[in-house]
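Undergrad: Sequence:
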Amino acid sequence: MEIVAVYRLFLLFLCFVFTSCSTPSQDQPLVSTSSLVEVETTMLPMQKDLCQTCKCDRTNDAKVVNCSSVQLNVADLASADLSDTGTLILSHTNLERFPAVQAPQLVTLDLSHNQISDLSESPVGENRPDLRELEHLDISQNRLSKLTREMLGGAVSLINLDVSHNNINTIDIDTFANLTSLKTLRLDHNQLDEVPSAIKSNYRYLRQELQTLNLRGNPIKELPEDPFGDLKYLHNLDLSRMELKYVHPDAFKGLTTGLHELYLNSNSLQTLSILTIQNLHRLTSLSLYDNPLVCNCTLEDLAKYLEARPNISIVCLKHTNCNVNDSQNIDFKSQDISMFCISPTTVGTTERMSSKSFPTVEILLGAVGLTVLIAIAIIIIYCYRKRQSDHTNSSSVNAVPSFQLTHVQTSTEDNTKTRSEHFYSSVKSLQPPVYAYAQVPGGLSGPKTIEPAATYKNVSSPQRQQPDDSYLMPSCKKKEQKPLPKPRKCCLNEQTVL
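All the letters of the sequence shown, read from the start, carry residue numbers -21 to -1, 1 to 477 under mature numbering (1 follows the signal peptide of the UniProt record, and there is no 0).
Check each hint, because a few of them may be wrong.
To be verified - Here are the simulated lysine-lysine pairs, DSS-like style, with alpha carbons at most 27 Å apart:
no., residue 1, residue 2
1, 283, 297
2, 179, 232
3, 211, 200
4, 162, 125
5, 297, 224
6, 125, 224
7, 283, 224
8, 162, 200
9, 297, 200
Simulated from the structure, these hints should not be mistaken for lab results.
Produce the complete structure using the sequences and hints provided.
TA: And the structure:
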């Protein structure tokens, strides 16, 4: 009996075991809620308090966490409790990327002097806008090579942005499209060879908010016409320590109402036109020192303009000078520079009151054209006078036969009288006259003297006409002329025709 009782108890135990190991129902949980909480607590890492390794300070309601020069890894930073942090300093921490953090109250973030080369996946990126309250961002002294909208689009409240001392050579035109409150932009000491087109973009917020722009130390060689656009409220513009050789007179055309400080020192400028700054009505400070300025008329005009406006201060005026033939250093004063304005030195694009080169080609063309016109006029005058001279000579030659005097001398027996007969042959006659000769009555002895008688062809008995002496000078006219005897009638066929 005792054996049977033990056997029954063993069977009951087996049934209980099999029942407890069977699949539970849907209403009955496999593990209790309390046990799950315990498991999750043991599996999740504990949030790390950075104040254990960094310096922390609380000012007002925001906490300042300074981890400068502390070796942190990405995992430590991602697990840190930054819920009440207002300022986070992570400079010199050798970070290669900035991980996603939960810092809803973060206002200032310093990531300078690290190895960061991309910000697309960072909390300030457009894809992960976790830092919407961030106002001050310093990413200087890193390895950035470009700036895009995806890298900075998440920091919509950003006021000050410092990306200086990187290797940036490209900035997309829409990089600052989401930065509606940006007031200070530092792009100095990068590899930009021109003013970024993103600066000249037509984004309304950038035009109305940007006040300080720093391009210092970039290899920019020239400023074309209006590279900055319409930045009405830009107060401070730093263009120093670049490689500037030329500044267009309208380079600051869109900055006339707001620009106060302009820094052009430590460049390669040899001259600066007065047109460049005369429209900057609110300019109070100008820096030109450490430039190889050349003393000429253009620089004299600039010096006079600045001397006439005491509200514009010249930074380091004692160290601002110009040179002549790379040998003399002349103070930046109009009175001293005026001595070298007599023969302006040709330097690049220098000229008086203009940025254009001296119009040598135009002057040469004008001189050549004037010379050609003078030569043509001289040739015309010479030909005209020569023609007049030839016409005068021809008229004189033709006039001699028309007014030629014919002298006929008649000798009597006693050789006491000599008569001269003047005949006038009209040049208007179409037919030449025919002269006939006859003996003169009166008992001539010796050779017969024939006196000409003017006759015409087809005339049987020509009539003797009185000579016309009106064409002679009064002194040449005969006072008295006796009528000649009538010639003997003869036939024309017997006359000798000359």
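Undergrad: Now tell me, hint by hint, if it's right for this structure.
TA: Quick rundown of the hints versus the structure:
For the given pair, residue 283 sits about 17 Å from residue 297 by alpha-carbon distance, which is consistent with the 27 Å threshold. Of the pairs offered as hints, the one joining residue 179 and residue 232 holds, with about 12 Å between alpha carbons and a cut-off of 27 Å not exceeded. In summary, the hint linking residue 211 to residue 200 is supported, as the alpha carbons are separated by about 24 Å, within the 27 Å threshold. Pair hint residue 162 plus residue 125 holds up; C-alpha atoms about 20 Å apart against a cutoff of 27 Å.
This hinted pair checks out: residue 297 and residue 224 have alpha carbons roughly 22 Å apart, not beyond 27 Å. A distance of roughly 26 Å separates the Cα atoms of residue 125 and residue 224; the hinted pair therefore holds under the 27 Å criterion. With a C-alpha separation of about 22 Å, the suggested pair residue 283 and residue 224 falls inside the 27 Å cut-off, and the hint holds. Our distance criterion of 27 Å between C-alpha atoms is met by residue 162 and residue 200, whose separation comes to about 26 Å.
For the proposed pair residue 297 and residue 200, the alpha carbon gap of about 26 Å is at most 27 Å, so the pair holds.
The earlier numbered hints are all upheld by this structure, with none contradicted.
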